[in-house]
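2 protein chains.
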Amino acid sequence: MENISPENISGFVVGEGCFYVEFGGDKKYKLGYRVRPAFCIEVRHDDRDILEVVRSHLECGNIYELDFGRYKGYERKKWTPHVKYRVSNFDDINKKVVPFFKRYPLFGKKKLSFERFCNIVNMMEQKAHLNNEGLKRIVLEVNELRALNKKGI
Amino acid sequence: MENISPENISGFVVGEGCFYVEFGGDKKYKLGYRVRPAFCIEVRHDDRDILEVVRSHLECGNIYELDFGRYKGYERKKWTPHVKYRVSNFDDINKKVVPFFKRYPLFGKKKLSFERFCNIVNMMEQKAHLNNEGLKRIVLEVNELRALNKKGI
Numbered sequence: 373m374e375n376i377s378p379e380n381i382s383g384f385v386v387g388e389g390c391f392y393v394e395f396g397g398d399k400k401y402k403l404g405y406r407v408r409p410a411f412c413i414e415v416r417h418d419d420r421d422i423l424e425v426v427r428s429h430l431e432c433g434n435i436y437e438l439d440f441g442r443y444k445g446y447e448r449k450k451w452t453p454h455v456k457y458r459v460s461n462f463d464d465i466n467k468k469v470v471p472f473f474k475r476y477p478l479f480g481k482k483k484l485s486f487e488r489f490c491n492i493v494n495m496m497e498q499k500a501h502l503n504n505e506g507l508k509r510i511v512l513e514v515n516e517l518r519a520l521n522k523k524g525i
Numbered sequence: 373m374e375n376i377s378p379e380n381i382s383g384f385v386v387g388e389g390c391f392y393v394e395f396g397g398d399k400k401y402k403l404g405y406r407v408r409p410a411f412c413i414e415v416r417h418d419d420r421d422i423l424e425v426v427r428s429h430l431e432c433g434n435i436y437e438l439d440f441g442r443y444k445g446y447e448r449k450k451w452t453p454h455v456k457y458r459v460s461n462f463d464d465i466n467k468k469v470v471p472f473f474k475r476y477p478l479f480g481k482k483k484l485s486f487e488r489f490c491n492i493v494n495m496m497e498q499k500a501h502l503n504n505e506g507l508k509r510i511v512l513e514v515n516e517l518r519a520l521n522k523k524g525i
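Listed in order, the protein sequences are those of chains P and B.
Take any residue in the first sequence, count from 1 to its spot, add 372: that is its number in this note's numbering.
Take any residue in the second sequence, count from 1 to its spot, add 372: that is its number in this note's numbering.
None of these hints come from the bench; they were simulated from the model.
Among the hints, erroneous ones may be present.
Stated by the list, open to error - No more than 25 angstroms apart at the CA atoms, straight line, and that leaves these computed lysine to any residue pairs for SDA-like:
| id | chain 1 | residue 1 | chain 2 | residue 2 |
| --- | --- | --- | --- | --- |
| 1 | P | 522 | P | 392 |
| 2 | P | 402 | P | 504 |
| 3 | B | 483 | P | 414 |
| 4 | B | 456 | P | 414 |
| 5 | P | 474 | P | 461 |
| 6 | P | 483 | P | 521 |
| 7 | P | 400 | P | 464 |
| 8 | P | 508 | P | 493 |
| 9 | B | 468 | P | 387 |
| 10 | B | 481 | P | 431 |
| 11 | B | 481 | P | 420 |
| 12 | B | 456 | P | 484 |
Claimed, not checked - Negatives, chain P to chain B, calculated, CB over 10 angstroms:
| id | residue |
| --- | --- |
| 13 | 461 |
| 14 | 505 |
| 15 | 512 |
Remember, it's a predicted structure, so these values are computed and weren't measured experimentally.
Ideal Cβ positions, reconstructed from N, Cα and C, are used throughout, including at glycine.
Sequences and hints are given; from them, build the entire structure.
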């Protein structure tokens, strides 16, 4: 196993990690919307070991081989297979991911994304997403987070 | 100034840094070739602060605004301006950059690139690049380093 410290991980996540919120219409939910904060890191297949270490530090999440969608048939397209580490269980996000990156702080723009992300997680912990007024406040934060996460080329 | 630790930096460099060697014909040199090990990190313009902190830790190198070549006229192309931190002075590489990342180790594939890079720097410190036989050994290492650094999509 690679020797990777928690501070190494926060530095790595500044470059490669993403804090985001899946938000969309879903009739299974009382207000008609699903809100799911998630954290992921995507790397090339040959750096999968890094993700295994991150998972062992964060004690949650799963690692997926990305051989579908835009990666399907990657050999023909000269693409490299990727792997993704992802946490979306709310308790894991709230009690493991968020505290980890508060203890081992991020920096740069990623720090701003993380602050917005924490706001959303806090609101959800207080059940704001279960009433219309709270859901509206969450949507505003989600839009701000999306703008921050938007990638330039 | 951002609060970024040395271990944060090595984690960040695993994602965003590059150890490479500029190698090419140049008649100014006795054997007709120039060999120049270099280290760089390129980020979006709005994360320039990170590079300033890296420079202050490594105590060498320069930061460049990339508004030329493929970045020229980036606004029209919906590109985001980038900035690059770069060290190419041999003494800085040998006495500052290499010792830093030996003290605060890298991981994943970047660690392998760094090991090749160190081999080349060591050979150059012993003046191997000034004789034909040594230059050939360096070229073999440079090719291995390039193969490791080659980006997939």
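Here is what the structure says about each hint:
1. With a C-alpha separation of about 11 angstroms, the suggested pair residue 522 (chain P) and residue 392 (chain P) falls inside the 25 angstroms cut-off, and the hint holds.
2. Note on residue 402 (chain P) and residue 504 (chain P): the hinted pairing holds, with a Cα-Cα distance of about 10 angstroms set against a maximum of 25 angstroms.
3. Taking the CA atoms of residue 483 (chain B) and residue 414 (chain P), the gap is about 18 angstroms. The hint holds against a cut of 25 angstroms.
4. Pair hint residue 456 (chain B) plus residue 414 (chain P) holds up; C-alpha atoms about 23 angstroms apart against a cutoff of 25 angstroms.
5. Taken as a hint, the residue 474 (chain P) and residue 461 (chain P) pair is honoured in the structure, with Cα atoms around 18 angstroms apart against an allowance of 25 angstroms.
6. For the suggested pair residue 483 (chain P) and residue 521 (chain P), the alpha carbons sit about 11 angstroms apart, so the restraint of at most 25 angstroms is met.
7. A distance of roughly 22 angstroms separates the Cα atoms of residue 400 (chain P) and residue 464 (chain P); the hinted pair therefore holds under the 25 angstroms criterion.
8. Restraint check for residue 508 (chain P) and residue 493 (chain P): satisfied, since their Cα atoms lie roughly 14 angstroms apart, inside the 25 angstroms limit.
9. Of the supplied pair hints, the one linking residue 468 (chain B) and residue 387 (chain P) holds, its CA atoms being roughly 23 angstroms apart against a limit of 25 angstroms.
10. With a CA separation close to 23 angstroms, the supplied pair residue 481 (chain B) and residue 431 (chain P) stays within the 25 angstroms bound.
11. Proposed proximity of residue 481 (chain B) and residue 420 (chain P) is supported: the alpha carbons are some 10 angstroms apart, at most 25 angstroms.
12. Taken as a hint, the residue 456 (chain B) and residue 484 (chain P) pair is honoured in the structure, with Cα atoms around 21 angstroms apart against an allowance of 25 angstroms.
13. At roughly 24 angstroms from the closest C-beta of chain B, the C-beta of residue 461 (chain P) stays outside 10 angstroms, upholding its exclusion from the interface.
14. Annotated as non-interface, residue 505 (chain P) keeps its C-beta farther than 10 angstroms from every C-beta of chain B; the closest such distance is 33 angstroms.
15. Every C-beta of chain B lies more than 10 angstroms from that of residue 512 (chain P), the closest at about 22 angstroms, which supports listing it as non-interface.
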